[in-house]
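> For reference, the chains in residue letters:
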Amino acid sequence: MADENENEKMDNENQKPEKMFTLKKWNAVAMWSWDVECDTCAICRVQVMDACLRCQAESKKDSYGKQDCVVVWGECNHSFHYCCMSLWVKQNNRCPLCQQEWSIQRMGK
Amino acid sequence: MFQEKGQLKFEDKWVHMRPIVLKLLKQEPVSPAEWQELFYDVHLVCLWDEKGPGKLRDHLHEDIVQFIKQAQNRVLAQRQEEALLKAYIAEWRKFFTQCNYLPTPFRQLESSLQGKTTSAGTSMQSNNNKKGASDESIVRKLMLDSWNESIFSDIKHRLQESAMKLVHAERNGEAFDSQLVIGVRESYVNLCSNSEDRLEIYRENFEAAYIQSTEMFYRMKAPEHLANNGVLAYMRYADAKLREEEARAQRYLEAGSNGVIQCCVKVLVGNPLSVLLAECAALIKDGETERLQLMFRLLERVPEGVQPMLKELENHITQAGLADMIAAADIITQDSEKYVERLLELFRKFSKLVHDAFSDDPRFLTARDKAFKSVVNDTTVFRLELGTGRSIAGKVVTPESKCPELLANFCDMLLRRTPLSKRLTSEEIESRLRDVLLVLKYVSNKDVFMRYHKAHLTRRLILDASADSEKEEDMVEWLREVGMPADYVNKLARMFQDIKVSEDLNAQFRTSTERHDAINIKILNAGAWARGSERVTVSLPVELEDYIPEVEDFYKKKHSGRKLQWYHHMSNGTITFSTNSGKFDLDVTTFQMAVLFAWNQRTHDKITYENLRLATELPDGELRRTLWSLVAFPKLKRQLLLFCGIASAPKDFDEHTVFWVNQEFALIKNGKTQKRGKVNLVGRLQLSTERSQIEDNQSIVQLRILRTQEAIIKILKMRKRISNAALQTELVDILKNMFLPSKKMIKEQLEWLIENKYMRRDEDDINTFIYMA
Ligand SMILES: [Zn+2]
Ligand SMILES: [Zn+2]
Ligand SMILES: [Zn+2]
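Here the protein sequences come in this chain order: V and L. First residue of the first sequence? That's 1 in the UniProt record's numbering, and the numbers climb one at a time after it. First residue of the second sequence? That's 1 in the UniProt record's numbering, and the numbers climb one at a time after it.
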């Protein structure tokens with residue numbers, strides 16, 4: 001009851017009598033995903049929205065679901081799990097998709 | 001002592017020995033001097049007369065046989081059964097006692113006959129060692145064999161007959177001295193000189209006669225009793241008789257003589273088996289636990305006796321369960337709580353039956369579980385059409401039980417803030433969730449449950465509608481415990497994790513600026529929540545539209561490399577509706593908001609369907625559904641919007657249908673109009689569009705195909721070659737926590753894998769598959 005009286009007071013203060021419907025609360029829902037051209041990491045064959053294979057195996061031991069497995073984009077605009085790519089470049093410093101020399105353009109956060 | 005060998009003759013000594021031997025046989029007193037003398041004479045005969053030992057044995061034998069003949073005459077003089085047995089047993093016991101004494105002085109003879117010359121010293125030793133030696137004593141064997149050959153062979157039939165007559169009399173309730181039968185049996189056992197098989201004579205004569213007479217007795221009595229008293233009384237009779245015969249066998253037979261009980265079981269249970277079994281179904285139906293216990297006890301004794309009982313139990317539970325479901329179909333198809341309660345009531349009832357009647361015997365528990373599975377997965381009462389009637393990839397999909405969907409709905413009612421969950425205590429909710437898991441155990445297609453449960457959880461988390469967030473997470477762990485696939489459970493856990501991340505973000509957003517007390521944001525990981533789901537476009541009212549760029553700017557500052565997609569079909573809120581007479585808070589979806597806000601500039605206007613479509617830009621289907629929820633919300637007596645024309649479903653609106661706001665809107669409580677109040681118009685929050693729902697159904701089927709292929713390959717990789725039957729069994733085992741693959745689907749996938757060279761059929765045996773790497 002006290003709540004409603006308070007609401008009423010507030011409504012009276014910002015009176016907009018011409019409005020039949022007024023917004024009280026909006027719960028807006030959005031989904032985020034990595035801004036990538038290809039959904040799948042070409043190195044581990046797992047979707048980039050999921051943790052890479054190595055992280056999935058490890059996260060079973062720790063508290064799962066922790067999204068530390070981010071995405072990395074090369075200058076060539078190809079994208080991979082950062083974990084997967086950092087292992088890849090130790091063997092071969094080229095992008096696995098286009099064979100250009102690998103250099104990081106940006107990291108996901 | 002120092003006479004030369006050959007000077008002492010057996011004949012000279014035997015004259016002195018014989019009277020003592022005869023005294024011993026007759027159990028007449030023998031003085032210690034005579035006893036000593038006998039020892040010494042035997043020693044001398046064996047030492048000095050080369051032919052002495054043989055002669056001694058022959059003469060001894062003759063006297064023993066002679067003595068036995070006299071005993072036989074004394075026994076056979078008895079005409080009457082009991083007297084005969086008594087006389088025989090008395091003679092036998094006397095003789096058997098002497099079997100232990102008479103051989104002792106002849107120890108030396110034993111050694112001589114075995115070809116050993118022994119000194120007095122060792123003979124003394126063997127005296128001290130009487131007991132061990134007497135076991136192999138030749139004289140003793142001579143005595144027993146003589147008894148066996150003369151008296152026993154002649155009268156054993158009379159003995160047995162007499163003993164069995166007494167047992168027969170006892171079966172008919174007459175009392176007698178059981179020692180007589182026991183005595184006869186003992187003579188059969190002790191008589192045996194075969195050290196390899198001491199029970200040989202007993203078994204071949206006494207036990208065989210005992211079994212034969214027992215069988216004759218019950219072959220007569222059992223059918224008579226059955227005919228005169230009926231099956232139920234007969235079962236009690238048979239049970240009592242079996243126990244009685246077990247006790248009797250313990251008295252009259254040697255331990256380990258099981259033949260007679262096997263024979264009784266055959267006659268008392270095996271022969272009338274079909275008559276007994278014919279009663280089983282009725283007993284189960286009437287819940288006659290005591291009689292079922294009795295029947296189980298009896299039938300368990302015969303091979304293949306329990307199997308038909310198991311079948312009867314399974315049939316009964318299945319039929320009674322289905323009949324119950326069909327009788328209550330009207331209620332349970334509408335109300336998932338009632339459905340689960342009804343099922344559990346059935347489970348409890350039949351579990352109690354199995355417990356009370358069959359002591360939770362594992363075989364009966366298995367039969368019960370099989371029946372529960374049939375009830376739970378039956379499609380007569382309600383069916384779930386996967387693929388919504390459309391054939392998938394040209395294949396018609398078989399209907400499935402709706403049970404998993406109803407279970408998921410019931411879970412939702414318990415975990416969401418609902419009248420039900422408010423009424424129950426935390427413990428009660430937990431016990432009902434455990435009940436759901438119990439039923440889920442019997443569901444073949446758990447993947448359907450998973451899909452609905454995940455959808456419900458998504459709604460609860462997005463609408464902040466969970467009754468108890470701790471219980472939500474408990475439930476995820478319980479699902480893991482009952483063996484739901486790990487990747488599925490992990491996905492649920494990931495949603496909880498993600499919603500917490502999103503709550504933190506919302507708190508940061510709300511503190512970042514003071515203006516935003518009317519907005520909450522949930523920005524979720526698309527991988528965890530909405531993989532591949534389709535979005536619906538809507539033109540937001542300006543009040544909402546204003547927020548969008550600010551949220552996006554905020555998010556860009558927090559994160560990089562991410563793109564945002566608004567899921568307005570999931571978002572929702574509360575609006576205040578002011579009429580001339582009152583003020584109401586409405587919980588609405590964003591689509592409902594978009595429609596209602598169209599009237600803000602033209603409060604009293606009538607707006608056509610077409611113009612609302614232009615204003616909201618909602619797709620046709622969504623707009624129809626949204627309007628329908630505002631003109632015909634089930635819980636409201638006075639609806640929010642009014643329209644002209646007749647429509648009984650959303651599809652009945654046409655582009656000229658006009659809608660206007662009901663200025664007389666009010667909430668009615670207990671028949672009174674309320675000027676204020678709150679109402680929730682969200683209903684079941686839509687998670688996906690109609691089209692993606694069909695895709696969802698298809699994806700279940702596609703996923704099953706994929707899982708089946710994976711499992712087949714996994715098995716073949718391990719086994720290299722495997723028969724069709726073995727493959728099917730292993731396949732069902734691997735997939736059982738997700739779904740029950742149909743024979744047809746397995747066959748199709750096998751064909752596909754063969755066609756695509758993952759495997760091949762054996763050239764010699766088309767029912768064997770071989771893995772191709
Ligand atoms: Zn990767
Ligand atoms: Zn990783
Ligand atoms: Zn590249």
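I should point out that these hints are in silico values taken from the structure, not numbers from a laboratory. A couple of the hints might just be wrong.
[Claimed, not checked] In silico PhoX-like cross-links for lysine-lysine, where the CA-CA straight-line distance does not exceed 25 Å:
id	chain 1	residue 1	chain 2	residue 2
1	V	K25	L	K285
2	L	K349	V	K24
3	L	K672	L	K637
4	V	K25	L	K675
5	L	K370	L	K352
6	L	K637	L	K669
7	L	K370	V	K25
8	L	K500	L	K583
9	V	K19	L	K675
10	L	K558	V	K109
11	V	K24	L	K266
12	V	K19	L	K678
13	L	K563	V	K109
14	L	K94	L	K69
15	V	K25	L	K583
16	L	K285	L	K349
17	L	K678	V	K24
18	V	K25	L	K678
19	L	K583	L	K717
20	L	K606	V	K19
21	V	K109	L	K349
22	V	K24	L	K352
23	L	K675	V	K24
24	L	K556	V	K109
25	L	K556	L	K500
26	L	K86	L	K55
27	L	K500	L	K311
28	V	K109	L	K678
29	V	K25	L	K717
30	V	K19	L	K583
31	V	K90	V	K109
32	L	K9	V	K24
33	L	K349	V	K25
These figures come from a predicted structure and were not determined experimentally.
> State for each hint whether it applies.
Evaluation of the provided hints:
no.: 1; hint: V:K25 - L:K285; in the structure: violated, 59 Å
no.: 2; hint: L:K349 - V:K24; in the structure: violated, 52 Å
no.: 3; hint: L:K672 - L:K637; in the structure: holds, 11 Å
no.: 4; hint: V:K25 - L:K675; in the structure: holds, 21 Å
no.: 5; hint: L:K370 - L:K352; in the structure: holds, 16 Å
no.: 6; hint: L:K637 - L:K669; in the structure: holds, 10 Å
no.: 7; hint: L:K370 - V:K25; in the structure: violated, 52 Å
no.: 8; hint: L:K500 - L:K583; in the structure: violated, 34 Å
no.: 9; hint: V:K19 - L:K675; in the structure: holds, 18 Å
no.: 10; hint: L:K558 - V:K109; in the structure: holds, 8 Å
no.: 11; hint: V:K24 - L:K266; in the structure: violated, 84 Å
no.: 12; hint: V:K19 - L:K678; in the structure: holds, 18 Å
no.: 13; hint: L:K563 - V:K109; in the structure: holds, 12 Å
no.: 14; hint: L:K94 - L:K69; in the structure: holds, 14 Å
no.: 15; hint: V:K25 - L:K583; in the structure: holds, 16 Å
no.: 16; hint: L:K285 - L:K349; in the structure: holds, 12 Å
no.: 17; hint: L:K678 - V:K24; in the structure: holds, 12 Å
no.: 18; hint: V:K25 - L:K678; in the structure: holds, 13 Å
no.: 19; hint: L:K583 - L:K717; in the structure: violated, 69 Å
no.: 20; hint: L:K606 - V:K19; in the structure: holds, 17 Å
no.: 21; hint: V:K109 - L:K349; in the structure: violated, 57 Å
no.: 22; hint: V:K24 - L:K352; in the structure: violated, 55 Å
no.: 23; hint: L:K675 - V:K24; in the structure: holds, 18 Å
no.: 24; hint: L:K556 - V:K109; in the structure: holds, 10 Å
no.: 25; hint: L:K556 - L:K500; in the structure: holds, 19 Å
no.: 26; hint: L:K86 - L:K55; in the structure: violated, 36 Å
no.: 27; hint: L:K500 - L:K311; in the structure: violated, 52 Å
no.: 28; hint: V:K109 - L:K678; in the structure: violated, 41 Å
no.: 29; hint: V:K25 - L:K717; in the structure: violated, 57 Å
no.: 30; hint: V:K19 - L:K583; in the structure: holds, 12 Å
no.: 31; hint: V:K90 - V:K109; in the structure: holds, 23 Å
no.: 32; hint: L:K9 - V:K24; in the structure: violated, 138 Å
no.: 33; hint: L:K349 - V:K25; in the structure: violated, 50 Å
Violated hints, listed in ascending order, are 1, 2, 7, 8, 11, 19, 21, 22, 26, 27, 28, 29, 32 and 33; each of the other numbered hints is respected by the structure.
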